[in-house]
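K.L.:
Each chain is listed here by its residues.
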Amino acid sequence: MYIKITVIDRSGKAHELEAPTDITMNLMEVCKSYELPVEGTCGGIAMCASCQCYVLSNHPLEKKSPDEEAMLSEALHVKENSRLGCQIPMDKKLEGLRVELAP
Amino acid sequence: MIKTDIIIIGAGPTGLFAVFEAGLLKLKCHLIDSLPQPGGQCAEIYPKKPIYDIPSRPEILAGDLVDQLMTQIKPFKPGFTLGETAQEIHKERDGSFVVTTDKGTQHQAQVVAIAGGLGTFEPRKPDLANLILWEDKGVDYIIREPEKYRNKNVLIAGGGDSALDWTIVLAELAQSVTLVHRRNQFRGALDSVQKVQVLKDQNKIQVITPAEVIALDGVRHLTNVTLKVEGTLVNQAVDYFIPLFGLTPKLGPIANWGLEIEKNAIKVDNSLDYQTNIPGIYAIGDVNIYPGKLKLILCGFHEATLMCQSAFQRIFPKKRKVFKYTTVGGITGFDGSRKEAQKSTIKTIE
Numbered sequence: 316m317y318i319k320i321t322v323i324d325r326s327g328k329a330h331e332l333e334a335p336t337d338i339t340m341n342l343m344e345v346c347k348s349y350e351l352p353v354e355g356t357c358g359g360i361a362m363c364a365s366c367q368c369y370v371l372s373n374h375p376l377e378k379k380s381p382d383e384e385a386m387l388s389e390a391l392h393v394k395e396n397s398r399l400g401c402q403i404p405m406d407k408k409l410e411g412l413r414v415e416l417a418p
Numbered sequence: 008m009i010k011t012d013i014i015i016i017g018a019g020p021t022g023l024f025a026v027f028e029a030g031l032l033k034l035k036c037h038l039i040d041s042l043p044q045p046g047g048q049c050a051e052i053y054p055k056k057p058i059y060d061i062p063s064r065p066e067i068l069a070g071d072l073v074d075q076l077m078t079q080i081k082p083f084k085p086g087f088t089l090g091e092t093a094q095e096i097h098k099e100r101d102g103s104f105v106v107t108t109d110k111g112t113q114h115q116a117q118v119v120a121i122a123g124g125l126g127t128f129e130p131r132k133p134d135l136a137n138l139i140l141w142e143d144k145g146v147d148y149i150i151r152e153p154e155k156y157r158n159k160n161v162l163i164a165g166g167g168d169s170a171l172d173w174t175i176v177l178a179e180l181a182q183s184v185t186l187v188h189r190r191n192q193f194r195g196a197l198d199s200v201q202k203v204q205v206l207k208d209q210n211k212i213q214v215i216t217p218a219e220v221i222a223l224d225g226v227r228h229l230t231n232v233t234l235k236v237e238g239t240l241v242n243q244a245v246d247y248f249i250p251l252f253g254l255t256p257k258l259g260p261i262a263n264w265g266l267e268i269e270k271n272a273i274k275v276d277n278s279l280d281y282q283t284n285i286p287g288i289y290a291i292g293d294v295n296i297y298p299g300k301l302k303l304i305l306c307g308f309h310e311a312t313l314m315c316q317s318a319f320q321r322i323f324p325k326k327r328k329v330f331k332y333t334t335v336g337g338i339t340g341f342d343g344s345r346k347e348a349q350k351s352t353i354k355t356i357e
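First to last, the sequence lines map onto chains A and B.
Per the working numbering, the first sequence starts with residue 316, numbered consecutively.
Per the working numbering, the second sequence starts with residue 8, numbered consecutively.
It is worth saying that the hints were derived from the structure and are not from the lab.
Source: prediction; values computed, not measured.
Glycine included, every Cβ here is placed at the ideal spot set by N, Cα and C.
Keep in mind that the hints are not guaranteed to be accurate.
A few chain A residues that don't get close to chain B, going by computed Cβ distances all over 10 Å [what the hints assert, rightly or not]:
| no. | residue |
| --- | --- |
| 1 | Y317 |
| 2 | G327 |
| 3 | L332 |
| 4 | N341 |
| 5 | E350 |
| 6 | Y369 |
| 7 | S372 |
Okay, derived cross-link-like pairs now, DSSO-like style, lysine-lysine, Cα gap no bigger than 30 Å in a straight line [to be verified]:
| no. | chain 1 | residue 1 | chain 2 | residue 2 |
| --- | --- | --- | --- | --- |
| 8 | B | K257 | A | K379 |
| 9 | A | K378 | B | K132 |
| 10 | B | K257 | B | K132 |
Between the sequences and the hints, there should be enough to build the whole structure, so can you do that?
P.N.:
Here's what the structure looks like:
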């Protein structure tokens, strides 16, 4: 049970990843397991923004929690399509998701 | 010069637990941490968040985990150098290491264990041109001495606890305090948010939202900032601009110690004892890397335990390896305290 997603790293290189949808992983964890340069300092609780990414595709993402909104209001390099990877659970609806890692 | 058996750099969960394991082997530890309190990320970033993967703890708040570790290691009387960053290391003729902090405090030991997590926490800086030019000339990222701002015009940016707390403190001292945030919602203790609301209502401070500082200006010292307030540019005269956007970890000075670094972490020999490429210097917890590494607190505990065994051998090469079960021997603290299991009573039943 997995979906294919594309993560563009900070040098512009696209990585096609297979993300499992059946073990409650989030995008930050998927990136880390593929050894992409995502720190995930706070352990996935929307407290550090080290997994910030820009969502490039039009997928139906869950709404931002107040914690994610608050973190994004303090983080740097925030754009309209900024999300925290740790707040994006892998789900079959996200097949083909395309994101870019924020600086 | 502070002398000890093991210098532990980083007072997070892994560094703290190392004190316990070292204590069982009668080795004394001294911890250095750049943060003002022990606990590392757990205390600084998410003290109120629960952790679910500590063995035997179905749920524990990060802050409570730190408190419990501090209680557990108390008998072994660890020393602490807090609020100082381990800056330099050099090796003495007798094989011991001297670690010097950014404030000049010196520590000497036969063994150094780096338990530095993701590194030193440094203030997250806003993305502004010429920002560096004004550092210490009107731009401060950390408030060390509030008196510095007495009768000055201060502008604080940020939406979290520290922005709120310092706004409250400086409102009493400064000539004027302006709090600027990208939105009108603040993430902080309810009490702090309410206090800032009262100060604003009483016109004791100015709160500008949604807004952000986009430019700095001055002559030798900062005199003005440009704010973007809902698309409009506004100029404001200030003596100090204090961006409080939280902390972000950087490996820091350790990166220049000649240790083998890979992916921003220190390479260690995990098949043996978590020693680095420099004999006598170990790296444990989130700061190290080896094949299959997982950055988990529970892995840090294991690494700390094996590190202490190796450290013991290094400090006492002629002594036999020691290994203790606390269930059998109990714990004898350096403070004279003693904990042990109740002895079973053996009596004859007539």
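K.L.:
Does each hint hold? Answer for all of them.
P.N.:
How the hints compare with the structure:
no., hint, result
1, Y317, "holds (21 Å)"
2, G327, "holds (19 Å)"
3, L332, "holds (18 Å)"
4, N341, "holds (15 Å)"
5, E350, "violated (8 Å)"
6, Y369, "holds (16 Å)"
7, S372, "holds (26 Å)"
8, B/K257 x A/K379, "holds (28 Å)"
9, A/K378 x B/K132, "holds (28 Å)"
10, B/K257 x B/K132, "holds (13 Å)"
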